[in-house]
Amino acid sequence: MRIRKMKKSFKRSLWAFHINTGSCNACDIEILATLMPRYDAERFGIKLVGTPRHADVLLVTGPVTEKIRDKVIRVYEQVPDPKLVIVIGGCGSTTGVYQESYAVTGPVDNCIPVDVFIPGCPPRPEAILYGVARAWEKLEKIMKEGSKNAS
Amino acid sequence: MQWLIYIFLIPMVVLIGGGIIGLYAKGVDRKFAAYYQSRIGPPLRQPFYDIGKLMQKQTIIPENAVGWIFSGAPFVALASSVILLVYILVPYFAWIGDFNFFFSKSGDIILILYLLMIPSIALVAGGFASGSPYATLGAQREMVILMSTELPLAVTAVTFAWRLSHVAPGASHFSLVTMSFHPLWSGMGPFGILGGMLLALSIAVVIPAELAKIPFDQAEAETEIAEGLLAEYSGKYLAFYQIADGVKSLAVISLAVILFFPNGFVQMTGYRIAPAGYDITLLLDVVIFMVKVFLVYFVSVTTVRIAMARLKISQVAKLFLVTITVMCLAGYVLITLDPVIRTL
Ligand code: SF4
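These protein sequences, in sequence, are chains B and P. Each residue of the first sequence is one higher than the one before, counting from 1 in the working numbering. Each residue of the second sequence is one higher than the one before, counting from 152 in the working numbering.
Since the hints were made in silico from the structure, they are not lab data. Hints may be right or wrong, so weigh each one.
[As the list claims (entries may be wrong)] A short list of chain P residues far from chain B (calculated; beta carbon distances all over 12 Å):
1. Phe159
2. Gly321
3. Leu389
[Stated by the list, open to error] Partial pick of chain B residues on the chain P-facing surface, computed with a CB cut under 10 Å:
4. Phe44
5. Ile142
6. Glu145
From the three backbone atoms N, C-alpha and C, an ideal C-beta is built for every residue, glycine too.
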């Protein structure tokens, strides 16, 4: 019962913290486009928050540069459990156009565990919404397994 | 004995009812904001989903926070908001419904002005205690806003009390019930009406500042100082702050409604509605009151927050300490002059 209620609350309210780890800014604009009137992610309760402490989801854009690596890990640790990480854009998933750059340490899953990758350079807002839907599915699975382990 | 029951029961009822209505008001606010931007917007129950989710999340107390202040502040904020709402609403409805009991004698406006500060002070204490530079910055800004809105509120309270001492010499002049018994607009000349309008306008500007909504949300600026005061709060404590915010917005807007538009159904029409012997006028009054509250919320919070951007903190201090205070004082002078001019 508790799990079902929890799923419902999470499904209807997902607060996202956006962290840019060296992207070209196109993906960030695409995230904003998802919140704009045409796609209106707020009708699903998705909202951008200003601090990792309030977040349920980390939206990471960009390849991880040398300078920001430690900060990404720190921000990830600041997010209260249960949490999800969504990587938006090709360069966060595979380093994309930035591969072999001297400043880049590799894709995001080199430093923090990632739940959903959304490829595209930049991905369309539909793709981002689809990725969030997959993240919800994953959250459900995590919580089912959690309840099994608990019982 | 009966008093004890009132003292325990009424705050409970107000906590639950005020929490629910306050959260729904937040949902309505978000919905209308979405309409303004031609979006569909979240469902009206969105704040409840948010609270439900926050309750189930991990609650982190930062290592370098002062633990007991950090975790005590949300409860103080919630409790003081509820007490504020009790002192504002219960005497009013006791007056409207013609009950005569313990609470109908209370509701002193000076007390309410002080109670109004306590949720903000709790926020400030929590912000300073959370050990984050962002929260400290937010707390300092909240202090500035708190101090600069005091003056217009005090001038407004004094104006009302002065007018009551003139209109109803025998009554207790600082009590909210007396204020709703003699509405500001009744028996006023054009000067008085103008002064009243100035006061209403300045209170309409003070409301978003009290509720920390754009353009006065410097203390909680998301994009600028990472949610400021609330930067370190997570999980349950954040949920308590959200409920406290809902209750406080209800309280502040009810105060504005009671000061400026206090008339209930009986005062407006002169009839009581009692089909089949049951007097449902009080029910109707509650509905009318809620409509007024939502209208004021819509005009002075939602519309303003969509139409404006965040001001700088120095601009806020200047706005309240100079412009709004001068407006309030002008209203005060006009209202005091009104009876003099009419006797000429
Ligand atoms: S995926 Fe493409 S568009 Fe997105 S940040 Fe990387 S380079 Fe820019």
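Hint-by-hint comparison with the structure:
1. Listed as a non-interface residue, Phe159/P keeps its Cβ farther than 12 Å from every Cβ of chain B; the least gap is roughly 30 Å.
2. At the 12 Å boundary, the C-beta of Gly321/P stays outside the reach of chain B, the nearest C-beta of that chain being 53 Å off.
3. At roughly 6 Å, the least C-beta separation between Leu389/P and chain B is not larger than 12 Å, which violates its mark as non-interface.
4. The criterion of a C-beta within 10 Å of any C-beta in chain P is met by Phe44/B, whose closest approach is roughly 8 Å, and the hint holds.
5. For Ile142/B, the suggested interface contact is broken, since its CB lies about 13 Å from the closest CB of chain P, more than 10 Å.
6. Taken as an interface hint, Glu145/B does not check out: its beta carbon lies about 16 Å from the nearest beta carbon of chain P, beyond 10 Å.
Hints 3, 5, 6 from the list above are not met by this structure, while the remaining hints are.
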